[in-house]
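K.L.:
Chain by chain, the residues:
2 protein chains.
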Amino acid sequence: MQRMIDWNPALAALPLSGIRRMFNLAATMKDVIHLSIGQPDFPTPKHIIEAHVAALNEDKTHYTMDAGLPELLSALSEYYSARTGRRLKPENFVETTGGSEAMFLAITSVAAPGKEVIVIEPSFVLFQPLARMAGASVRRIVTTAQNGYQVDPQEVIDAIGPKTCAIILNSPGNPTGTLYPRSAIQAICVEAQRRGVTVISDEVYDRLILDEVEPCSVLDCNPDLDNVIVASCVSKTYSMPGLRIGWLISSEANIQTLRRYHMFTTTVGNTPGQWAAAAALQGSQQCVAEMVAEYRRRRDHIVSWIDAAPHLSGYCPQGAFYIMPSLPAGTDGSAFALKMLEETGVCTIPGDTFGESCRNALRISYATALETIEQAFERITPWLEQQSF
Amino acid sequence: MQRMIDWNPALAALPLSGIRRMFNLAATMKDVIHLSIGQPDFPTPKHIIEAHVAALNEDKTHYTMDAGLPELLSALSEYYSARTGRRLKPENFVETTGGSEAMFLAITSVAAPGKEVIVIEPSFVLFQPLARMAGASVRRIVTTAQNGYQVDPQEVIDAIGPKTCAIILNSPGNPTGTLYPRSAIQAICVEAQRRGVTVISDEVYDRLILDEVEPCSVLDCNPDLDNVIVASCVSKTYSMPGLRIGWLISSEANIQTLRRYHMFTTTVGNTPGQWAAAAALQGSQQCVAEMVAEYRRRRDHIVSWIDAAPHLSGYCPQGAFYIMPSLPAGTDGSAFALKMLEETGVCTIPGDTFGESCRNALRISYATALETIEQAFERITPWLEQQSF
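As they're listed, the protein sequences go chains A and B. This note's numbering numbers the first residue of the first sequence as 1 and each following residue consecutively. This note's numbering numbers the first residue of the second sequence as 1 and each following residue consecutively.
Derived from the structure by calculation, the hints contain no laboratory data. Mixed in with the good hints there might be a few duds.
A pair holds if it fits inside one copy or across any two, identical chains being indistinguishable in the list.
[To be verified] Only pairs whose alpha carbons sit at most 25 Å apart, straight line, appear in this in silico BS3-like list of lysine-lysine:
no., residue 1, residue 2
1, Lys60, Lys46
2, Lys115, Lys163
3, Lys30, Lys60
4, Lys30, Lys339
Same shape as in the complex, but just chain A:
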């Protein structure tokens, strides 16, 4: 007898990525403009590279503590204590392989059979599949381009039921770039805490804020961290995504549980990369200001180009480097994005990658030089004029 592996049925919850299909087609084409990239396009700042090289030359290539490099955990506690006004200790953190492992640990440690997780759509590709893989059902709260993908906190609160174990937040978010106001996050956190529901907050874009507004972390909205897990990383802020340094933040007791879980998933993180991350957090933050200024310039242009383009409903995202305009209701964004790629060479990500409710939208990344984005719109604007719906 010979057969394929009889996989754990839980894996059936993990879909093939819609991003992959676009990239596969793009790989067969010439002259493609990618507005599809989910990572910063800037080089990693020099002082961070230098700290990384120094760690290698000092032979820091062996295991560190499984919770994370002590110097990084200290740097994180100082960084967040200064940002939030809340005194955080190294024991409030566990280092992870990027924001991905952070969210993997957070979601699959809380979601479980018989439980329900509230997710706001459009949602980052990992959230819903991970909740389902852990056996939970997903309660989707729909937001739309028409109101800038803002969430009505009352809708989230009304969705909390006896099975609700977690609410996942992501502000500013991928794929929308939408920043929730403090009032919305505060309202959700207060009710979640009252009801014993865990708020899992993906805050990897928390430093990429494009307007003169204070971003709000769930760390600012809770008197204690018993029902809060925050995930973040250095990837987006300091343009070092390939080093895979992320972390979780919660109460000391919760972090003990998450550290034990992490021991069994990846055990320890990359050592010299953690030295580089500590240097990023402790060094000059001028590099971040410069990258944010450039994202802002691009955002301002892309918002006006989308406003001028036929058939696209835009809005003004206040964070990250994404915008997700919608096409007329009922449009199959997936077929549309493939057709647009074939006929104009401009690659975007179809909305159904981020949820059922946003099938008629396209994620456009502006982590690309402004001139390239301009060329893309010079192609797609006249092409859009010829489309009928």
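Following the hints, put chain B in place on chain A, whose structure we already have.
P.N.:
Just chain B now, with coordinates in the frame of chain A:
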């Protein structure tokens, strides 16, 4: 209302590590000799560090493909094709965050509720908890120091039942250093394939072979890879554990499933570390020969010191850098190891960390300078003489 997080009950399968308890006590003491370290004590070879630094200076700090850096996947396919005589393609691999994520993906993708996983004790700390976390039961096959922790393949074959989904092998193994002969691995693989049972083989120590014997990979024992998943890494072979570069090997179809799962756990690996790993696989292998020669010298001494020590039953491990002598039957190795640490300052790892059946054993690592190991035995040999059982 305020409460702790109601964790996913699956996490209850993950125990607190016995290693941690020893390290916590050792941290409060002066003059501790660690025979407890699970990583090579050599610096990472210079040409590997240089390749890593070059990657950083070339700004290779952004995401690569989620399956792994294409150049690393190519290097792996050439490396294994040359070693095994089996033609492997880049599509037979997925890169992971060290051997840990590799085994996490392999075990939790196959183990599931209603299934059984066969594990040979003493077993590496991750294996049994991960199988149980995924919902499977564990069928333990016991081996002992008296016969060098060799497994009787017939005992494994007889344990296969209708619920058996996987057999986990680890040769040479942590914590025993035991190398299984080809005949044993071949017998298990043939029967597993016939019965449609997946063989998951942790081969991270496959290059640390201390005698003139050919190690046997399960890759050599199967006509195809439909029922085989091999995990390995560069950590032990090239003394670069803190870079966290590992991989899985299987059929192309299985690797597609494992790549998708990996997409949801850590998404991508560390980019410059993957360049360093490719340099390790493709560069001169003289560094490995030198490290193995030193491990062999230490092994030869430690085997004779254990033979000379009262109350310890030793054997001659042929691989890795561990030996796991047993104490008289019925001894609580955990209490014994703590007492020995307190009274002699020598830190070892108690056997119950690796399974119920080896409570009366101690794992001794010789990833430490020979002079240090000699000092440790100068302390523990006279101390052992004074112990009664």
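K.L.:
Each hint: holds or not?
P.N.:
Structure-based check of all given hints:
no., hint, result
1, Lys60 x Lys46, "both (19 Å within a copy, 13 Å between copies)"
2, Lys115 x Lys163, "within (5 Å within a copy, 28 Å between copies)"
3, Lys30 x Lys60, "between (42 Å within a copy, 24 Å between copies)"
4, Lys30 x Lys339, "within (15 Å within a copy, 69 Å between copies)"
Checked against the numbered hints given earlier, this structure breaks none of them.
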